[in-house]
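Number of protein chains: 2
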Amino acid sequence: MYLSDIESTKKEKVEMEGAEGVWIQWLIANKNGAENYAMRLFTLEKGGKIPRHQHPWEHEILFLEGEGIVGAGEDEKKVEAGNFAYIEPDIPHWYRNTGDGEWKFLCIIPIKE
Amino acid sequence: MYLSDIESTKKEKVEMEGAEGVWIQWLIANKNGAENYAMRLFTLEKGGKIPRHQHPWEHEILFLEGEGIVGAGEDEKKVEAGNFAYIEPDIPHWYRNTGDGEWKFLCIIPIKE
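Those sequence lines, one after another, are chains X and L. If you read the first sequence in the numbering used here, its first letter stands for residue 1, the second for the next number, and so on. If you read the second sequence in the numbering used here, its first letter stands for residue 1, the second for the next number, and so on.
The set of hints was computed from the structure by calculation and includes no laboratory data. Please note that the accuracy of each hint is not assured.
Copies of the same chain look alike in the list, so a pair counts if it works inside one copy or between any two.
Cut-off 35 angstroms, straight-line C-alpha distance, at most; resulting in silico cross-link-like pairs (DSBU-like, lysine-lysine) [what the hints assert, rightly or not]:
#, residue 1, residue 2
1, K77, K11
2, K13, K46
3, K112, K77
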């Protein structure tokens, strides 16, 4: 068993064109033995955003703290802690922190060999 | 995008020999379009437990609320909100709620066709 905690996991700035105030922590990934999917925690600063983008892999997301807007395809929805989402592969999607503090969500992606 | 919330997701009692006070909610699974991995939320009542068992698939777990003991192989660890774990395939593992209230954790498993 690999066991750790969020607090001590390295936080990296997401360097993506148009992204603002976005941080990622890779909680469970290849380096921990995982072969099929990776668990990442995103933190968006107040006002932070991830612009519309797409890729051929899906997302499974659990919204943990704060609130924001998640968009996918033609949809745009307000979400808060307790919401979760499945975003299909190849669907354009985007995120905006609309709350007064940080917005945190867990996002699982498949690991491609 | 499939979007929902924990509150309105069906909660089912886990009927496993030796399990006590264990509930599961399938947040994201095949039925929502997911093909590679499923996201489940477990709730263990105060005193609840899942006995030692094993299977040929891994777990990726984020502990969300409450506290408990998670065991795997020769390890037994106390965990709380903010801890996360990767449990390798085929490793015997078990859980005991040792807190004063419910213990909740997210557990992702691969979807086998």
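Consistency of the hints with the structure:
1. K77 with K11: both (27 angstroms within a copy, 24 angstroms between copies)
2. K13 with K46: The answer is within: 15 angstroms in one copy meets 35 angstroms, while 39 angstroms across copies does not.
3. K112 with K77: both (29 angstroms within a copy, 31 angstroms between copies)
In this structure, none of the earlier numbered hints is contradicted; all agree with it.
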